[in-house]
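Going down the list, the sequences are from chains A and B. Everything in the first sequence is counted per the working numbering, starting at 1 for the first residue and increasing by one. Everything in the second sequence is counted per the working numbering, starting at 405 for the first residue and increasing by one.
No wet-lab data here; the hints were simulated from the structure. There may be inaccurate statements among the hints.
[To be verified] Computed list of chain A residues with no C-beta within reach of chain B, every gap over 12 Å:
| id | residue |
| --- | --- |
| 1 | HIS98 |
| 2 | ALA188 |
| 3 | ALA278 |
[Claimed, not checked] Covered stretches of chain A (in silico footprint by chain B; criterion: 3 or more residues with CB under 8 Å from a CB of chain B, positions within the stretch not fixed):
| id | segment |
| --- | --- |
| 4 | 108-117 |
| 5 | 146-159 |
| 6 | 226-236 |
| 7 | 265-276 |
| 8 | 307-317 |
[Unchecked claim] Label-pair ranges, simulated between beta-carbon atoms:
| id | chain 1 | residue 1 | chain 2 | residue 2 | range |
| --- | --- | --- | --- | --- | --- |
| 9 | A | ASP47 | B | LEU593 | 57 to 67 Å |
| 10 | B | LEU701 | A | GLU211 | 47 to 57 Å |
| 11 | A | PRO308 | B | ASP485 | 20 to 30 Å |
| 12 | A | LYS208 | B | LEU701 | 54 to 64 Å |
| 13 | A | ARG372 | B | ASP738 | 21 to 31 Å |
| 14 | A | ARG182 | B | LEU701 | 46 to 56 Å |
In this text, a Cβ means the ideal position worked out from N, Cα and C, and glycines have one as well.
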Amino acid sequence: MTEALERAVVPPASDADPFAHDALLDPEPLHRALREAGPVVYLSRYDVHALARYEQVHAALVDWQHFESGSGVGLANFRHETPWRPPSLLLEADPPRHDAPRRVLREILAPPALRRLRETWHSVAEELVDQVLSAGTEFDGFAALAEAFPLRAFPDAVGLGPDGRENLLPYGNMAFNAFGPRNDLVAADAHRVAGLSAWVNAQCAREKLGEDGFGARIWEAADRGELTYEQAPLVVRSLLTAGVDTTVHGLAACLYAFATHPEEWQRLRQRPELARAAFDEAVRWQSPVQTFFRTATTDITVAGTVIPADTKILMFLGAANRDPARWTDPDRFDLTRDPSGHVGFGMGIHQCIGQHVARLEAEALLTALARRVERIELVGTPQRHPNNTLRSWASLPVRVQPAA
Amino acid sequence: MVGTSMVADAGSGVGPGRPAPGNAATLTISAKEGIAEGVVSLTLTHPGGARLPDWTPGSHIDLVLPDGTTRQYSLCGDRWDAHTYRVAVLREPAGRGGSAHVHDRLRPGDRVGVGGPRNQFPLVPSEKYLFIAGGIGITPLLPMVRQAELLGADWQLLYGGRTRASMAFREELTAAHGERVQVVPQDELGLLDLAAWLGTPRPDTKVYCCGPAPLLAAVEAACVAWPAHALRTERFTAAVQTPPVRKAPFEVELRRTGRTVTVTPDVSVLEAVRRAGAEVLSSCEQGTCGTCLTPVLAGRPDHRDSILADHERAVNDCMFPCVSRSCGDRLVLDL
């Protein structure tokens, strides 16, 4: 027995199911309980160790040497289980294999490279907001804005063809469910796996992609030898998997936040340059991506608890983003707060590669809305949509008062 | 010639050598040892024991020496050790004093400013690699060799130097990898026979070369018949004129906020502008994630991030204030 094991702390155990519907629809009570139970909690139902405090989640996210992604970032351990699809070259990879795809996509999605999209997206957003407002002042904000805007902006930027775009959100929903256990949510989509996967995979081919989009730029990187031609379609697939649902639910989080915090909406209207920070505060507050797993590369000691090698670790990003040890009044959506350092996009070498794209989309939509809309309020109970990874929505019934 | 500032050629889009930046972080020299004739290795750690920013093979850091001069050195350590950086520095009698300073003045326990890491010489995927090192040009290739090994790629290393004793890492390379490594000291065996060693062009192979300009020119000539982008080089050049890293405070004008703030050497621009009431979103605060991108309206930033390419830096229209600073007395930011 090693010295570390002799001194090991036995972590508190919990039989809670973070993937049960009630927990997915309202995760805060579980998050609070896990944070309060200790820095590491053993979840007996899934035989995994869970981290819910900011300090431990942040440390695990940046420490790729000990918390690997290549064995899967869901519950399944790819060392022993076959992945449901060829693993992502980015999300489900470690150095050194992770390096080249990450470098290529990072450059394509870096802030300087996105500048040329800015004007386009601002006009797309203004056009959408005009359309929605001219059709009426009561609508489902989730469908009309949070879903509609990324679906207008992002697939065009990727260079996706016009047909079949309705498959993007169901594919994303399925892919994010697949990180959880094989529960009813996974079963509900089982009959669509083959069809949706075939459609998405087909869109990654070079000839399917427009000449001027992110997709074409990925294939050009392969021409320069920075990726292999086998890797290029999988990198495009990462854009299509991770680039739509996450932004949709991030924008929905913004709308929900402003509909329930009218004083913050006034603050944004007075200072529209707060749009980017507002989006990050909404991402902190709602954490559209709630959880990811890692696998221990070796026995890891976290706050005295030994997490055995080859076992899975569940990181609660949403819980870390509301840890009172890190955030003052964490449950409050607050534009005067500096949300810098939140882990809603992850942290370290796997930190969301599309975060600048998402911020630009949010900035465009929120700026357009702030210009046209005096007040947003809920006119019905917003409906959540359970997903094993995403804090997602089904509807956000709102009424808006157009600005004079 | 060797070990001053570097310019990378990775197939295309080669920019001019950029002004070398300075200290994104202050690190401690935790060890210094002679590892070959005229070569010392420095091990750098964070004074508080923190993790250092992640890097990939081919990366370099900017080392800001106590006299304010900046030199770029390839990282040649092990990135699975997140807490140390290692560089190897050749003494250059004809250099501008940077290497002499490292050799003669720096001691374990000293603090140095470090910028980056940045990678303009990345290892791209390939089934086979041919690595060619000239002298201290072995440093970026050392982690690449380990990486090729980890990836299960087929690889060979041709390592030339003046004399056997001057060739850093020679013994561990031959001990670990045997016949994959061919060591060619010039005084014993003459110049590298590149044509014979490279053989006929192969589409499944990438050629990586780092060393002095005459070697790079010879390798480029030997590779003319190879497919486009097969050859990737990093050359050490005589440094372009670099502005000294400012030790004096500078002013940052926040155009939209309507305030001006003085940035002293002990605080980041990010910290200073936040204190002045500007709201800047940030995340990693290491110059790697890009969240704090800030438009620059006037002045010349001292870029110390890991993100912008040379041509993007040269435009000077944006900066990452978590690590980057100012070359001149004043910066005007769109904040």
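Against which earlier hints does the structure fall short, listed by number upward?
-> 1, 3, 5, 8, 10 and 12
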